[in-house]
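*Asks:* Residue-level listing of the chains:
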Amino acid sequence: MIYLDSAATSLLKPPEVRRAVSEAMRSMASPGRGSYPPAMRAAETVYDCRAAAAELFHVPEPEQVVFTMNATHALNIAIQSLAGPGTKTVISGFEHNSVTRPLTALGARVRVAGTRLFDREAVLRDFEEQLPGAELAVCTHVSNVFGFILPVYEIAALCRKYGVPLIVDASQSAGILEVDLQRLGAAFVAMPGHKGLFGPQGTGILLCGQAGKPLLHGGSGSDSIPQHMPDYLPDRLEAGTQNVCGIAGLLAGLRYVQRKGTSAILRQERELLRLTRQELEGSGLELFAGPEDCQCGVLSLRCPRTDCETAAARLAERGVCVRSGMHCAPTAHRSAGTLETGTVRLSFSPFLSAGQVKRACGVLRSLD
Amino acid sequence: MNQYLIMCRSLTYAQRSARLLERSGITATVVKAPQGLSTSGCGYAVALRKRFDEAVSLLKKNNLLDGRLFGRGEDGEYREVRR
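Sequence lines, in order, name chains A and B. To convert, count from 1 in the first sequence and add 1; that's the working numbering. To convert, count from 1 in the second sequence and add 25; that's the working numbering.
Fair warning: there could be bad hints in the mix.
For each label pair, taking beta carbons as the anchor points, the in silico distance ranges come out as [as the list claims (entries may be wrong)]:
hint: 1; chain 1: B; residue 1: E79; chain 2: A; residue 2: R19; range: 25 to 31 Å
hint: 2; chain 1: A; residue 1: H218; chain 2: B; residue 2: T54; range: 44 to 50 Å
hint: 3; chain 1: B; residue 1: S82; chain 2: A; residue 2: G241; range: 34 to 40 Å
hint: 4; chain 1: B; residue 1: N87; chain 2: A; residue 2: A265; range: 29 to 35 Å
Quick caveat, the hints were computed from the structure, so don't treat them as lab data. This structure is a prediction, so every number in the text was calculated from the model and none was measured. Built from N, CA and C at the ideal position, the CB exists for glycine as well.
Bound-form chain B, shown alone (with noise of 0.2 Å):
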């Protein structure tokens, strides 16, 4: 995978989620999550290329991850990461 993404409920939650990663030294980024990955409509997602299993490990423990995951292989295409 070359890269993740995490999807988020809302932009702003998708902002606190990066922040926190940030803090831990996790660079991520905030994104609009492509069309097709979300189900309600627009959405947001917060993209990470490294430390997947710790972000999400630390999103979890801190009540932040309630969206699905993917990860985007050689080919270009996302493929969702059941965790």
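Pulled out of the complex, with its shape left as it was, chain A reads as follows (with noise of 0.2 Å):
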């Protein structure tokens, strides 16, 4: 099997995070609901993994490191904190559904910036452009369908200059490129746990630059008299039961981020996206490139005779993992011109080697 499905799920993870979920689900049990000792475990654990991704993301102190179920559940408690019915929102192009939806649902009046895909310069123009009198901006860091980086520190500059609140999707970003809160002076980072993270799936990460609003009431482990959620983070956003095995495994794949470093995961997975292209050069394939430095380890094709889903269908009976179709993102393939195709993605991790990348484009090759 060949997995090139990163973006949605890293299913190649360093193998100390299985070692460290099976450890939590033997040893602890639940922080903040006693002091005997598999609780206090639980409660260092899910602590050292706050401290981890504070430092890993230069957010100032550990308890603004919120944990969630994944990014979706980390942008509604972002969104539905700062947007309400006609709240005047900014988003890029490029936005998965996990934006778009809650906005929707919330009556927020949406416009859309920056659709021109790999192009910063018209991004960045755009948000200019639309930012005056906006009262909030959503801006994925890297479109999930495409791999393009977004301009996000620049654009969270123009958000400054206006007074705008920004809430950043790292979710395709995370654990592969510089995420900074304190640089982008974000109100909210979202992202999951499960991708360039490599933690288990029902993990995420809500870093907070402000208190924000609850969207789960219940118990909190702390101040269990008054009828409301505390005011303090992470308790006021993090009511119920922790997934600490999950947490346990995310801080096994946050080390081995920290440990290989973005900077070098990035160089990996750019090194399989230019192996890919060049492999599928003059295949009849339409590739979704980009300047080098515009695109993550995230690629989009479509075949010019198969359909994507078929496509994709006939890659999984070669043993090839990709995913097809809109990728939960309608708003990124209307600004691409592909809405009514969909595209396959392939996308990459440092766990895969040249070998299995060639061998895909092999069978990518044979498809038409």
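With the hints as a guide, bring the two chains together.
*Replies:* The structure is reproduced here in structure tokens:
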């Protein structure tokens, strides 16, 4: 099997992640529910994970790191904290449904800025035009469909200039690109634990530049008598029992990323992307590839005579795992002109070899 | 006093406080606060036996001191210690 769907979930993970999950399941109870050793062991692990994430993402204090079920959960907390009916919101043309659906459900007034694929200057110009008078901006760091790296630090500077709070979706960049809460000055940064951070599914992180409104209300293990959620982080946004086993695995994944370094991971993914482009050159496949500094390890393509779902199914029959269709991001497909067809998406990982990528390209070349 | 408790607003703050103290060589443990010491239900505290004044000063300097302070006497009772 050749796994080329790490943008959905990193199936290929450092072995210590699996060991950490298993050890947590054997030895840890719930943090904040007692002072006996299995509860305190869980509490220590959860705190270590907060501290590791705070260090990696330049968050001033560990309590500003909130654990969630996934990036969608984190984005929902962030968006409902800052948006409501009629909120004038600017989003990029490459957002996922986890951004656009909560905004729609809340009745926000959404305007799209920056729809030109791999054109960072045009995205910036559009944001500069749309931000005055806006009340909220939401921007993905990297398109989950095309791997397009948006100029999120420059957009953050524009948001500060116009006094617009910013939410960053770091779903495809956390663990691969520099994600720096302080440099962004963002209200919130949301990310999954199970992609570039190599944690298990069911883990996500919300980095909080401000307190936020609870999405879930319930037990926090603290201040139990008042019937409202505590006003301090992380307790305010973390109701209910924590996914301790998942967080233990996420901690192992974060430590792997810290040891290896995001720049080394990015370099490796870009080498595989470059190799794929070389291998598929002249194949007749339509590749959505941009300048190297605008794209990380995600590549969309279309086959001239085979629809994307059929292509993905035929690849699967031959052991190549890819994602096809809309990738839950119709906004991005509308921007790139692929809404009618969808695309086949290949996404890379540091656990893939050049040989595997060459074999997958061989199967792709034989599709049409 | 044979033990001091520094009340913390949450488990996370208690952990952060205890680690700060440990890094400064002050032995500190995170414990659940005894019933009655917290006015709003379940709470956590940092427990220590020695270098209480130094610990309080260090936590204050790092903006981590926001709860009440207690000392346990020979009779086993906790009494509030004024800052």
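*Asks:* Going back to the hint list, which numbers does this structure go against?
*Replies:* 1, 2
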